[in-house]
Amino acid sequence: MEREKMHRLLRDMMLSRVFEERAAEEYQKGNIVGFLHLYPGEEAVAAGVINAAGPSDYIVSTYREHAHALVRGVPPRAVMAELFGRATGMSGGMGGSMHMFDRERRFMGGYGIVGETYPIAIGIGYAIALRALPESVICFFGDGAVNQGTFHESLNMAALWRLPVLFVCENNHYAIGTDIHRHSAVPEVYKRAAAYNIPAEKIDGMDVLKVYDATRHALDRIRRAGGPQFLEFETYRYRGHSMADPGAYRPPVEVKAYQVIDPLTIGAREIEFRYPTPAELAAVGPDNIARLTEHMISVGHLEEEEVAQIRKEVEAAVEDAVQFSLASPQPTMADAWQHLNSNRRHEQLLQA
Amino acid sequence: MEREKMHRLLRDMMLSRVFEERAAEEYQKGNIVGFLHLYPGEEAVAAGVINAAGPSDYIVSTYREHAHALVRGVPPRAVMAELFGRATGMSGGMGGSMHMFDRERRFMGGYGIVGETYPIAIGIGYAIALRALPESVICFFGDGAVNQGTFHESLNMAALWRLPVLFVCENNHYAIGTDIHRHSAVPEVYKRAAAYNIPAEKIDGMDVLKVYDATRHALDRIRRAGGPQFLEFETYRYRGHSMADPGAYRPPVEVKAYQVIDPLTIGAREIEFRYPTPAELAAVGPDNIARLTEHMISVGHLEEEEVAQIRKEVEAAVEDAVQFSLASPQPTMADAWQHLNSNRRHEQLLQA
Amino acid sequence: MTQELLYWQALNRALDVEMAADESVFVLGEDVGLYGGSYRVTEGLYAKYGEARVRDTPISENSFTGLGVGAAMVGMRPVVEIMTINFAMLALDSIVNGAAKIPFMSGGQFPMPLVIRVPGGVARQLAAQHAQRLESMFMNVPGLRVAVPSTPQDAYWQLRQAIASDEPVVLLEHEVLYFTKGPVDTMAEPPPMHQAAIRRAGKDLTLIGYSRTALQAQEAAAELARDGIEAEVIDLRSLNPIDWKTLSDSVNRTHRALVIEEDCRHAGAGAEIAASLAERCFFSLDAPVQRVAALDIPTPYNGALEAASIPRVADITAAARALLGPREKAAA
Amino acid sequence: MTQELLYWQALNRALDVEMAADESVFVLGEDVGLYGGSYRVTEGLYAKYGEARVRDTPISENSFTGLGVGAAMVGMRPVVEIMTINFAMLALDSIVNGAAKIPFMSGGQFPMPLVIRVPGGVARQLAAQHAQRLESMFMNVPGLRVAVPSTPQDAYWQLRQAIASDEPVVLLEHEVLYFTKGPVDTMAEPPPMHQAAIRRAGKDLTLIGYSRTALQAQEAAAELARDGIEAEVIDLRSLNPIDWKTLSDSVNRTHRALVIEEDCRHAGAGAEIAASLAERCFFSLDAPVQRVAALDIPTPYNGALEAASIPRVADITAAARALLGPREKAAA
Ligand SMILES: Cc1ncc(C[n+]2csc(CCOP(=O)(O)OP(=O)(O)O)c2C)c(N)n1
Ligand SMILES: Cc1ncc(C[n+]2csc(CCOP(=O)(O)OP(=O)(O)O)c2C)c(N)n1
Ligand SMILES: [Mg+2]
Ligand SMILES: [Mg+2]
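Residue numbers (the working numbering), protein chains in the order written: chain A, 1 to 352; chain B, 1 to 352; chain C, 1 to 332; chain D, 1 to 332.
If we strip away everything but chain A, and leave its shape as in the complex, we get (with noise of 0.2 Å):
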């Protein structure tokens, strides 16, 4: 792969990881109110999903989407904005952390009820496949998500159809509390699109650049012989589920497990579920993000003194997306009605 391409993975998922801690931060100050997922742990395939994917792909994704939005260009002023629930954020402050939507970048939304992603993905395929079109619909979903009836009542159609649709997991193993083996009578998740003729894949989704090469497969695939594709990345969330999770319900000797994976170990604070302060925070580090580092450095794409810079890049426009998201106006009850009415066009009602 190109030097090129690695610095824009590595930028897209430090630039995440940032700007999810800083998300943390702004929600203990009162700033960000709700449900807010994080997304620290699983920025490998974030990264590479969303840079494998053309600009005339669609995104759709779940309210776990930050790292989504970001990687996918969204710039971080409307992404923040929109967890301030200000008028600059990307749904104008009506969505919030889990329903942002990006029209231009063909980003179709997070969705909060569990299970949504498939029919809004297949949905948008069927349109491409009625107009011919060389596009594909990129639906995130989690290990949890796939028990949901939707899951089979969507998968099934996108094959009988032969829509043009990659379907991704992430993996993480839990479904908020509750650990994929008490959820999935069939733990292997990929085995599942078997029962609809979905080819699909297990990949390591704590290794960006394998994240990055599958999907750029699949895509192939389908842009090649049409019809959906699956692929199921193994990743882990650091944090806990929301910020209203402690995540108690994890042994810690898992949790290192999954830290052995990453060759330096500075994020290991994080992952003792308490929400982070400010300091622990300075202090947080790479994993996966370390993973490629490493990687570049070794083959000579990167130099440490970069890596700092980078750091130093992605830390300066958090913190401008937060300047930006504080000095922005809140949306009025007008601008609300605004938006529930902006598609009646031209036509006037009666007098309601």
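Mixed in with the good hints, there may be bad ones.
To be verified - Lysine-lysine pairs mimicking DSBU-like chemistry, simulated, CA-CA at most 35 Å apart: (1) B:Lys191 - B:Lys5; (2) C:Lys245 - D:Lys245; (3) A:Lys5 - A:Lys202; (4) A:Lys191 - B:Lys210; (5) A:Lys191 - B:Lys202; (6) C:Lys181 - C:Lys203; (7) B:Lys202 - A:Lys202; (8) A:Lys191 - A:Lys210; (9) D:Lys245 - D:Lys48; (10) B:Lys191 - A:Lys191; (11) B:Lys191 - A:Lys210; (12) A:Lys202 - A:Lys191; (13) C:Lys181 - B:Lys29; (14) A:Lys202 - A:Lys29; (15) B:Lys191 - A:Lys202; (16) A:Lys29 - D:Lys245; (17) A:Lys5 - A:Lys312; (18) B:Lys210 - B:Lys5; (19) B:Lys210 - B:Lys191; (20) A:Lys191 - A:Lys29; (21) A:Lys5 - A:Lys210.
If you're looking for bench data, these hints aren't it; they were derived computationally from the structure.
Got chain A; can you put chains B, C and D with the ligands on it based on the hints?
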């Protein structure tokens, strides 16, 4: 198999056939109204499966359940009276064709919304498992019902918690007018059970002896090893989906192909998808029924005359059921309210 | 050009016209294609537009309705048929959390030109699971429009308007109306999709119905007229939004209102209508706004009980007469 | 014995008592076991009763709710927790077509001792998909009982009564109430599950609330009292059935009624209450029954807009004052 048992199977199949043809006739006369989904062609499944079950097993059925009830031992009078909407019917005239219940015989109802049988069945299975009883649940559903989300959700839970449920697919190749190849990406239904690690087999559903044996073995496995089992029975319905369906979507050549399975072809007229006239009805004869008849004669378990005798018996039983129904009282609105409030017990509602 | 058409034919015509005019319109649902639709509404379209635009689906309501939502987000104009409203509960998440909320949640970025056609109501002895109404459920969803045509003409107009609209529209079609006949003018300019229609003018009381009950109200009015009672009949045509002005203008003139709904009474569609009119017309009402509604009981299979569980014309005339009682007293 | 308990603790206590007393009671839902429940309601039960009776489920709402239905048919007493009401739409078929209809459709053969616990309402900035109310939807289902406790005491009583009942009961718990505190007497004889409670006596108008809005109504009444306005406050406690007698007795005394609901106004829970009271109390009302309801808009994420989209105490006092306006005029 003992003579006795075979006679029972034959009688059940003939009763089911005659009952359904008479129901069609009564529908045309206006004595039965609403949706009426008939079973001719599929009798081997009901007879084979339900005869293999014990009295302490539970049956959960669909809207095409009259034969299931009859085979389970519900008197034809109670089944017919329900079709007539009379107070003496299985459900007191409240449920009709699609909602027949018999608590005493553990006949847990016919359900009209496709896909509803799975959750009910695993619920009963859960209760059995909690109480550690040597009982099982038989859960019926069609090939079309396999695409409903509840299939996926419920089979996963059944497997995960090793519930004593036998899943029985009556694969007649059609969901109303939609051929299985047009509704399922994987048309080999039994293969879909692999997604939950549930042992599954495909059986010729036109051969009642095979149906019976397969069911016995599956129920044995449930009792011995615990956990669910899955059986797919390939079968065919000679009539349209319901009395409202002319069945014009099926190529005659296909229907013919299924007749070839049948050593006798007296049923031929039926499959032209006109509603049979009384004269035709009288001429309606065996097919999967004929197959068993032939076999029994060939092994010396049956004399030609006995067939006529059984036919006379079941016809008399059905005639009796019709007369009984005609003479039965209509339920009153007071009955309806009483059924609705049957579980209020001693509780006195405030003036409502 | 005016023709006599059956209700289902009017819907069929509307689909045909819109599909011919706009390639982004497509139809999907169970047995809408090869089979021709449970109530014939899509008859002939499969042959004419092909299986991609008239798509037979598996029995997967939540997902194929959600498919319509996704397709609408990228500018298609899907017309989803949920075979009957009884199965719509399975698709409710796609309707409520998807179709109705996405335009809003995205800050107005996405259109939702989605039509959901649902045959429903109490037909003939289909029993409790196949006799849902659910209109009040859809009414309570902000972001969703609900149209309830009672005539072939309205069926034609409102389906075309629904397809043309960029807002999600639920079209509730009554199963008993599919084989009713009426004139359909395909050239005339339609009234707004949600405007109520005064079907009969009168001064003594206002009968308010929608879908099938609008026709029953007209029958009742004809009967009352024989006794010299002049009932005004309003056909709501839309349950969200509701054309309050037409309603209150009428009630302010007649001083009495009777709402007829097939929904179960407790928290049914009529509750909103009665509550709002009682509020809006408080000072001009001579008697309480009354409701003739379905009983709060699952629909019995038995034919006589089924009929007794929903409003009959006789129930309407009886309620109308009872409602007029106090007026005479007040006048006396 | 009276103790101060949090609302969630009261529910937890009720579950514990019933599970200890009856082996057929079991709990299931997402993360109710090992994790201890999203709102801690099932805390400690997994350790005490084991995983079979405190069952963590996959994310499969329709099926695990239906599992409860099947188990109830054979005499178990399942308590299904749907993590939040927002996911209840996925389980609606099991609730409406299963739990509510089976006892009736079977001609009264089967009991349905099923409890469905659903945290819901507008909490704090959870955005449109996680801020459903849906009370009117459940109210419209014949065969279902709907309880809406506002205090720890009622939470304790009504959950125990729901478990003891052979009818299916939906228990709507408000997410904002879980950490409110109040006295719980575990020995006292509870009132009927559906009996309304007069929380404050007054003669000038009747404020009617339920769940969280019952508490807001009490706050509003306290504020109005400072201006010499004596509001009577009724806490409905049950939305199906509704204790009409307590309501109309009050309104017949005060001649004015204000219904406070968190449901969206159009066809919300308040519509039924307002419509019925307007009818029942027509001749004693001095002003129209009014509703303070949520706006007909999906819930915005932004905090200020969210707060403005549902009833606030200030909205209630303002509406109460406006409602009293005409009385003074009438008296003058
Ligand atoms: C239908 C539905 N049920 C329950 C929830 C509550 N919930 C939110 S996230 C979640 C776990 C999802 O797990 P998974 O799909 O593995 O995604 P992850 O959070 O691990 O990324 C649950 C149960 C929900 N949002 N929607
Ligand atoms: C959820 C739902 N969707 C649609 C229907 C309408 N419907 C009734 S039977 C049926 C076909 C079912 O096919 P299958 O499961 O193969 O059973 P079969 O009728 O062939 O016995 C359909 C679509 C329904 N009853 N429920
Ligand atoms: Mg997960
Ligand atoms: Mg079939």
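Hint consistency between Lys5 of chain A and Lys202 of chain A [alpha-carbon to alpha-carbon, up to 35 Å]: 23 Å, holds
Pair hint outcome, Lys191 of chain B versus Lys191 of chain A [Cα-Cα no greater than 35 Å]: This hinted pair holds, its Cα atoms lying about 12 Å apart.
Agreement of Lys191 of chain A and Lys210 of chain A with the hint, judged by alpha carbon distance not exceeding 35 Å: Holds, because 19 Å separates the two Cα atoms, which is no more than 35 Å.
Hinted pair Lys202 of chain A and Lys191 of chain A, Cα distance within 35 Å: Within the cut-off at roughly 9 Å; holds.
Hint consistency between Lys5 of chain A and Lys312 of chain A [alpha-carbon to alpha-carbon, up to 35 Å]: 19 Å, holds
Distance restraint between Lys191 of chain A and Lys29 of chain A, which requires alpha-carbon spacing of 35 Å or less: 43 Å, violated
Agreement of Lys245 of chain D and Lys48 of chain D with the hint, judged by alpha carbon distance not exceeding 35 Å: 43 Å, violated
Proposed proximity, Lys245 of chain D with Lys245 of chain C (alpha carbon, max 35 Å): Holds, because 33 Å separates the two Cα atoms, which is no more than 35 Å.
Hinted pair Lys210 of chain B and Lys191 of chain B, Cα distance within 35 Å: 19 Å, holds
Proposed proximity, Lys210 of chain A with Lys191 of chain B (alpha carbon, max 35 Å): Holds: Lys191 of chain B and Lys210 of chain A sit about 31 Å apart, inside 35 Å.
Pair hint outcome, Lys191 of chain B versus Lys5 of chain B [Cα-Cα no greater than 35 Å]: 31 Å, holds
Straight-line alpha-carbon gap Lys210 of chain B to Lys5 of chain B, limit 35 Å: 13 Å, holds
Hint violations for this structure: numbers 9, 14, 16, 20, all remaining hints satisfied.
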